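Protein chains: 2
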Amino acid sequence: MPNVRLALAQTNPTVGAIASNVANILAVVEEAAKRQADLVVFGEMTVTGYPIEDLATRESFILDAELAVRELAIELKSRNLGEIAVVIGHPSMASAQDQTGWAIAHNTASVLLDGKVIGSYNKHHLPNYSVFDEYRTFVSGDKLLTFEHKGLKFSTVICEDIWQSGGPVSHLGKADTDVALILNGSPFEIDKDDTRLKLVSELAKKHNCAAAYVNLVGGQDDLVFDGDSIVVDSKARMVARLKQFKTDLVCIDIAAKDDLKVSDEHHMTKPNDNWQTWNALVLGLRDYVSKNGFKSVVLGLSGGIDSAICATIAADAIGAENVFGVSMPSNFSSDHSKDDAKDLANRRNMNYQVQPIANLVKGFEDQLQLEGLSVENLQARVRGVILMALSNKEGHLTLTTGNKTELAVGYSTIYGDTVGGYNPLKDVEKTLVWELARWRNAYALSKGEVEPIPQNSIEKAPSAELRPNQVDQDSLPPYDVLDAILDAYVNRRESSDDIVGYGFDQELVNKVLTLVDRSEWKRRQSAIGPKITGMAFGRDRRLPITNKYKG
Amino acid sequence: MPNVRLALAQTNPTVGAIASNVANILAVVEEAAKRQADLVVFGEMTVTGYPIEDLATRESFILDAELAVRELAIELKSRNLGEIAVVIGHPSMASAQDQTGWAIAHNTASVLLDGKVIGSYNKHHLPNYSVFDEYRTFVSGDKLLTFEHKGLKFSTVICEDIWQSGGPVSHLGKADTDVALILNGSPFEIDKDDTRLKLVSELAKKHNCAAAYVNLVGGQDDLVFDGDSIVVDSKARMVARLKQFKTDLVCIDIAAKDDLKVSDEHHMTKPNDNWQTWNALVLGLRDYVSKNGFKSVVLGLSGGIDSAICATIAADAIGAENVFGVSMPSNFSSDHSKDDAKDLANRRNMNYQVQPIANLVKGFEDQLQLEGLSVENLQARVRGVILMALSNKEGHLTLTTGNKTELAVGYSTIYGDTVGGYNPLKDVEKTLVWELARWRNAYALSKGEVEPIPQNSIEKAPSAELRPNQVDQDSLPPYDVLDAILDAYVNRRESSDDIVGYGFDQELVNKVLTLVDRSEWKRRQSAIGPKITGMAFGRDRRLPITNKYKG
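Residue numbers (the working numbering), protein chains in the order written: chain A, 1106 to 1656; chain B, 1106 to 1656.
Rather than coming from a laboratory, the hints here were simulated on the basis of the structure.
Since this is a predicted model, take the numbers as computed values, not measurements.
Misleading hints may appear alongside valid ones.
It does not matter which identical chain is used: a pair holds within one copy or between any two.
[Unchecked claim] Taking lysine to any residue pairs in the SDA-like style, the calculated list, with each CA pair at most 25 Å apart, reads:
id: 1; residue 1: LYS1248; residue 2: GLU1171
id: 2; residue 1: LYS1627; residue 2: ARG1647
id: 3; residue 1: LYS1498; residue 2: ASN1464
id: 4; residue 1: LYS1565; residue 2: ALA1463
id: 5; residue 1: LYS1627; residue 2: ASN1497
id: 6; residue 1: LYS1627; residue 2: GLY1398
id: 7; residue 1: LYS1443; residue 2: GLN1474
id: 8; residue 1: LYS1297; residue 2: GLU1164
id: 9; residue 1: LYS1400; residue 2: GLY1477
id: 10; residue 1: LYS1447; residue 2: GLN1474
Starting from the given sequences, assemble the full structure and let the hints guide the process.
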């Protein structure tokens, strides 16, 4: 009876950092060897990071990745790790290009053993929806890879292959697969629920094999890979579930496809939705900061909920000592705004300074004879200039803090409160901002810590404070109504008539939809931020700016 | 012997404006009827405009477009135009969705006759490279449509179908096609040369049929459709060539597939490259302005070549009386800068004002204790605030004027000189900026007009004038060298080694490539502008921001 120890390696590669990604693979294989693993499986494109987008169309990049894989095989052997089968993801040159000459590479999983690449599998189903463009960048493969190791048969497939029907995955049973190895780069979406577990379980039952689903972890631009790798046996019983939002390495002893045992301690339950969303936002920001060479962030603190929650996410991600908050009161700023901003910074001991804007604004106002909306926008832009000047002077990444609801209806000043390289709340609608704030405070209390977010920032009526006594609801419907309309229009792509059919006022629906359509040009120039839903602004939703459709 | 009069209708639809696009189709068919046409062929997606991007994934949009087509057929009949066969492009619901549920529609060409839709063809080859994402948004069709009208056989195909091999287009001959009707949405690229004519000619010869290639005309966001529709006979002799960058309607009398005669006067030769590029830039800007409801533009005039050429493009596009130039001198601005800016505005009688920035800059400098690069960026940002304030106050579209070379290496201040909704020079490299300036002046002279661009703006050393005696070549290599390196790296996707192999200095190549990679986050937040090359920044080149690859 075989007894194969399979290690699932949930790693956090950086796109393009081939040498350091490979060094990390080596380190993980060495750790797995210490735990007596016979086989180590990594996620999709572990060698290059994922997604590589149009890097896949650069020949030098593909050749460098292939070379790194061959050198890794040799290095493993030279370190006496040649007997361990190592399964890694990387791009490889396709033998034939597509007709356009654009896609030249496969999205590949290779098996390294005894100093050599003993086999490769090329991803068949290329996702080309949502944030993915893999028809653009990859050539499809069509042959299952099955290999025997220590008496068991393993077959490899990649990510989208199990989300669609047909293709090599349908031959898993015919190939007498004991364990399907599924390499994934599957980004976090709160609405995905447990679809992955469901798919893996169905696959195990259908093809009568165990299945090891290995996902990446880490932030890459607007995506957050959440890990949460899973192993099920051929009877679809879950054997192991790896950590969410953290690198992890777990070993499984496999005697037969229906006899798997985990050899490490670990947790099998997923925490609640708010915990997951919060951790996705924290990891997304942390990795954007570190992978792009920043050490600190600067952001405006208005006393409102959006900046308060962004600062708290930042403090959780990179430490409060690396968060630089700037209060920029105007003549219209209330006392509570200034107090709440200071209170927020003090609760976590963030860096904090006050830069009043009244005199700076007055200079422009007088010179250009501005009034009304121009003055409102002007205040936001003067704040933007201050934040960017501090960023330039001190080397911080600037965070912008507009939530998804604001971004949807364009309730922001472009080149003003929108300045910054990264937006933690880009895909977080306003009602969820409040929910997360309450959750984060309760979580702190449950750990015996001070609530990070001032209660007043959560409870007061939201206001841009760009004119006297202004509140958001002067211009917008209540946020619960607005978010419901936006959910139908943006996330579910429903029509104006459908939405009115739910009981919303026709005029209000028209107004909201018009605001969304008219703001497209602003969204095109907006900072990236972590996708947490099935429909994030950015690559998920590609609409023309010039667009007269109403419906 | 048949004698069919075929009208090629080169129109300029607006994306989403279904009702007005249909009204325009009706007007064009009426005009064609006056000229005794039997058949009128329009471009791809004439009913909705093109490209519709993710509008194709909205069911209400597709249903509205289909309804409009059926109503158009009825309206044509009610106007006694029912005997004219009208071939139009539009999206239609596919009977089966793709597996992801994302793409629900076909990209369709329908034939209207006698009040009905008598047949439809669904595009087979869906372009999913360069700026196109049609695998994402459309379901592929696989059946040629052939119909007889007045004794001749016509078959329809759509755009990409003739750029790739295989698919329904290969059955043109088998279907005894006399005339292939090719509906296109083919954007202008200067490097396309006459590829379209070559493809159409080859198709005619291969399948022994005449071919009518009908393209759209007009600007849509970052694309400019140039028209230039073509008719060839079955011996691949060119019979007609429609105007470039203008709507046009030309009738052809067809006795047999090798016996075609044009019944209108028209020009068969294409003007030179600079004329074409200039007209693409002018049309792109004009349509962005008009289709988005603007009447005027505002831009900073520095006295330099980029702003001079942008202002001239704008004056050609929407009239000098709708161009508002703002000179914003600082303490570092030379006298010639101010003189050249004023000279430029005067030559065309543009609106012109001076807004000095020294006092405004000083306010920030003193409050924030800035020096060095922070102060350079600050000056650009103060100018951005001024332009946006004037835009907000007076309703102008703000133009940003950074050329492709600047955009490539990030030689700009984000939220400073990059502010604006549209950038006429986004895809124009610096060396081409100068070439176009010289060409435009010579063109003016040839028409007996005043040269619009001051000679001094063309000849002086380019400078950002953000510190005393600064010139661009303090930080950058000479522009001819820089553009050559960028052409290899960006446009041709070559490696660092390849580029060094051409004889460029290794250190310089590394520096330029690093500048390009590091500026990705700025480009993501940059304004759109007209694509004129095979590799424009934006949808043509999709690279990660977080990207450590050097090679």
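| Violated constraints from the hint list, given by number and in increasing order | Of the numbered hints, all hold.
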